[in-house]
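Whole structure, please, built from the sequences with the hints as guidance.
Taking the numbering used here, the leading residue of the sequence shown gets 1, the next gets one more, and so forth.
It cannot be assumed that every hint is accurate.
As the list claims (entries may be wrong) - Calculated lysine-lysine pairs in the PhoX-like style (CA-CA distance at most 20 Å, straight line):
(1) LYS193 to LYS244
(2) LYS456 to LYS389
(3) LYS389 to LYS358
(4) LYS146 to LYS335
(5) LYS404 to LYS335
Please keep in mind that the hints were generated in silico from the structure rather than gathered at the bench. Please read all numbers here as calculations on a predicted model, not as lab measurements.
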Amino acid sequence: MQVPRLTKSIFLDQFIFMQLIGFVIGLLAPFFWLWNGIPAEYVMTWHFFITAQLAGQTVGLVSFLLISTVVRPHLKLLALKMKDIADALDKKALLGSEGRKCDERLCQIETVSKDEIGVSAQAYNQMLHALIQSHEIERVYTSLSKVMSENLELSTLSDEVLALLIASTHIDAAAILIRQNGVLTLAATNGIKDAESLGTHTLLTKVAKTGVAHKITLPKEIYLEGVLAHFNPSEVFIEPIEFKEEILGVLVTATGKSGADERTEQLIKLFSRSVGLAINNALTHEKFQELAAVDGLTNIYNRRFGMERLKEDYARAVRDQTTLTVVMVDIDHFKKVNDTYGHLVGDRAIVLTTSILKNSLRDGDIVIRYGGEEFLMILHGATADNAVKVCERIRSDIQNAVLKEQSEPIQLTVSMGVATYPDQATQNEVELINLADQALYHAKKTGRNKVVHYHKMADKG
Numbered sequence: 001m002q003v004p005r006l007t008k009s010i011f012l013d014q015f016i017f018m019q020l021i022g023f024v025i026g027l028l029a030p031f032f033w034l035w036n037g038i039p040a041e042y043v044m045t046w047h048f049f050i051t052a053q054l055a056g057q058t059v060g061l062v063s064f065l066l067i068s069t070v071v072r073p074h075l076k077l078l079a080l081k082m083k084d085i086a087d088a089l090d091k092k093a094l095l096g097s098e099g100r101k102c103d104e105r106l107c108q109i110e111t112v113s114k115d116e117i118g119v120s121a122q123a124y125n126q127m128l129h130a131l132i133q134s135h136e137i138e139r140v141y142t143s144l145s146k147v148m149s150e151n152l153e154l155s156t157l158s159d160e161v162l163a164l165l166i167a168s169t170h171i172d173a174a175a176i177l178i179r180q181n182g183v184l185t186l187a188a189t190n191g192i193k194d195a196e197s198l199g200t201h202t203l204l205t206k207v208a209k210t211g212v213a214h215k216i217t218l219p220k221e222i223y224l225e226g227v228l229a230h231f232n233p234s235e236v237f238i239e240p241i242e243f244k245e246e247i248l249g250v251l252v253t254a255t256g257k258s259g260a261d262e263r264t265e266q267l268i269k270l271f272s273r274s275v276g277l278a279i280n281n282a283l284t285h286e287k288f289q290e291l292a293a294v295d296g297l298t299n300i301y302n303r304r305f306g307m308e309r310l311k312e313d314y315a316r317a318v319r320d321q322t323t324l325t326v327v328m329v330d331i332d333h334f335k336k337v338n339d340t341y342g343h344l345v346g347d348r349a350i351v352l353t354t355s356i357l358k359n360s361l362r363d364g365d366i367v368i369r370y371g372g373e374e375f376l377m378i379l380h381g382a383t384a385d386n387a388v389k390v391c392e393r394i395r396s397d398i399q400n401a402v403l404k405e406q407s408e409p410i411q412l413t414v415s416m417g418v419a420t421y422p423d424q425a426t427q428n429e430v431e432l433i434n435l436a437d438q439a440l441y442h443a444k445k446t447g448r449n450k451v452v453h454y455h456k457m458a459d460k461g
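Shown next as structure tokens:
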């Protein structure tokens, strides 16, 4: 039953009701004593009635004071703590350093009873915990949004996402793997040893296919150092990274002895669900970069991007005092092939030549479509003699290759001009290309289908 309100103050209402109860007690007291056998001449007097009223009012006042002394401080503390939270929220200082900082240690209320006061304190503490958790997650998400909006490069984005995740949680190690052509490849890692091998792990590939997260709890006696991380993890979380129902990859996280608390698990899921858009943007950016750098017909670097690479490689060769060889390649009589068989066959001739060039080079060496039927090869660390040997093998392979058009074999040959730094004392990559171009011109002028190195041509005068 709810007692009717008399004023806007509960404690004032309580005082009034206590006094009313005291009045009723004082009024009924004489009749109570009559009922208990006290003579009427002692009870039914104004003096006794006034005394009974004073006693009743005193009982009401003492009861009010007791309640105010016992209950009011707890309610006042609860009100003050809630005001602290309100002030902290207003000043955005719930977790920060501005204004009056309010965290669980400072703002919690000690639970001193098991009644409604204690329940109120517990409820307040739970609310405080949830509120602080919510604001902490909001703060982390704000930082995550900043990281995602500022980075378009996949490797940089992944590195910063992992660094923020580890700094914001109890996670000790993490990795992001991206699904490309059905295979998981490492994008970034923090604290995980031999992370490249994670891409073939059964559980990771399963999560990447099904999109169903997986959590592994490991007993203390199982030691994974050298397999997963630099420490002995107690829990491993594998979360899918998705964008519009497409699985882009997986987020792998591991915690040490303490394991992951509720907040850490929430943030792991928040990160895995949030980074999908940013990673998709990074992958799209990467594809556009590749399209801008790659020749559409041959799928090798175009001239613009290739020259940028050559500039970097030349500067590195000068700095590290290593050799760098460039080779200019030209398909012999290409105009005749185009005029005789058409441009589609000409395109096939270019693709065939490109394939042989690419397959003949080492990892790290580069083939560039320089223009039309011309190619530029960059051979890192190759001496003049080694470069000529490689070029002779390529020239022979192209000569022996057969391009058929309506059962008619078409034989292709190439001329190649070679120049090597520092054998040729060039000042920059453009000068080195010019020397290779002169060697190519000499090869074409002296019969085609041959390899000419600039220093040999110079020696002959």
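**OP:** Could you check the structure against the hints above and give me the numbers of any it violates, in ascending order?
**Re:** As far as the earlier hints go, 1 and 4 are violated by this structure, in ascending order.
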